[in-house]
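If you read the sequences in order, they're chains A and B. Going by this note's numbering, 267 is the number at position 73 of the first sequence; the sequence numbering is gapless. Going by this note's numbering, 385 is the number at position 325 of the second sequence; the sequence numbering is gapless.
Calculated directly from the structure, the hints in this document are not laboratory data. Think of the CB as a built atom: it goes at the ideal place given N, C-alpha and C, for glycine as much as any other residue. A couple of the hints might just be wrong.
Stated by the list, open to error - Facing chain A, a subset of chain B residues (Cβ under 10 Å, in silico):
(1) Asp-65
(2) Pro-68
(3) Glu-83
(4) Ser-283
(5) Ser-286
(6) Asn-379
(7) Arg-405
What the hints assert, rightly or not - Coverage of chain B stretches by chain A, computed from C-beta distances (three or more under 8 Å per stretch; other residues unrestricted):
(8) 69 to 81
(9) 225 to 235
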Amino acid sequence: MSETEIKEGLRYSKDHEWIKVEGDIAIVGITDFAQNSLHEITFVEISEVGTVLEANGECGLVESMKASSDIFSPVAGEIVEVNGELEDAPEIVNEDPYGKGWMFKIKPSNLDADLAELMDAKGYADFIASL
Amino acid sequence: MKHGDVIPFAGWEMPVRYTDIREEHMAVRNSVGMWDTSHMSRFVIKGPQASEFLQTLTTNNVSKLSVNGGQYTTCLNEKGGIHDDLTLYRVGEEEYIWITNAANGPKIKAHLLKHADKFDVEVTDKSREITMIAVQGPNALKLMNKMAGQDVSEYSRFSSYTVKLAGYDTYLCRTGYTGEDGVEILLLDTPFDDAGKRKAIAFWEELLKQGEEFDIKPCGLGSRDSCRLEAGFVLYGHELDEDTSPIEAMIPYAVKFKVDPHYIGYDVVESHKKEGGVRKTRIGLVMIDRGIPREHYPILQNGEQIGEVTSGGLAPTINKGIALGYVAPETLEIGDVVEVDIKGRMRKAEVTKWPFFDTDLYGASRTKHPN
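Whenever a hint applies, use it, and build me the whole structure from the sequences.
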């Protein structure tokens, strides 16, 4: 797994989600490590826009050929947009997990405290090395 | 070639995939795929009373097996529940091979040895002396004809013949677990030592090399499961267990009643067949809504749970979620719409016959050949 890509400037959860803050909105996806472990992603489903979540709240699922995995929101807030392209082309998550494969945008409600609970790139690299 | 994710499986280390599960799956449907299935257990039963012994333990009609014949059958407990499902081949006048699920190997070995005492038979565990490779798909027999240097495609389904493939001694069995035409090869004299392993690997490489012109792909556990699920085949530990009868599992072809002697579990299965009394029945589902059904997801009708999914996943050939599951008897008919509870999201699915693929285009009985 040495070739796993981890991007600087993002925060990471132990459930292998990444989060990127842009102004008052945060973008969430799954990491390269996660998509590589799942392999062949066949289906992505995220809760509807307007869903209010706690930090680590379950908000969707990712199906691969072998298994179903839950998606959790790394931060509390309200879902404001879901990546509709994944409905017809879930493989985008495999191809570009940090870019076009983003999953949803959330308007955070407790951002600073929630971000403090997450890992930076170095912390996440150490975390997956320990698995 | 990538050497896909290797995982522990029934005491073995096995690849989930070599490349992509869907690619491997579609190779089996469109050309040919091959799996190392040496994890399965293989027992040789030999002796003057082998037939009576096997009839005591299995539900198909053993006396109908001619030499070189084979049959899919089950082995039951006293309550008529399935102890194991297996393929039984008659390879000699008084010699049979019992091929079974890897996870059931130790249990079945104990069961065979326990009952063998009362018969003039000898039971030998050959699991570590015979390598097993499945070659499946519309090009499988073309490859076998080439490697055998003779036409082996005339051998009937479920038969097993001694055939030399590229000089290797094998039992060539016209069976499989994909819904496609094909063979399961028992590569003889490959003991679990360095020389035996080298020979087995050399044979695997030979299949890959000679199979290249037929677009062969090595396949892992992932596509083995997706192919059998799409064909509607049962898997022990999912659709079959000690509390499920073969009638409930909807595999009536594995069960015969005009047999002598009666097998263990006969009375229960006979009552399930002839008087009803089944506790549940197996169904197939194709998702209408988006979503992938998975094992243990509840199946609902009019808001009431009537059963649950036992196997589910994406069917690559139709690109839809499919499932096998059990529901209360006589609640559903083909074409009925039910709901599957996918982690709290209620999603519609239609009760469907298996196989789940279009049999005009795919499967052993396809009418439109891809080549």
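> Which hints from the list above does the structure break, by number from lowest to highest?
Replying inline: 2, 9
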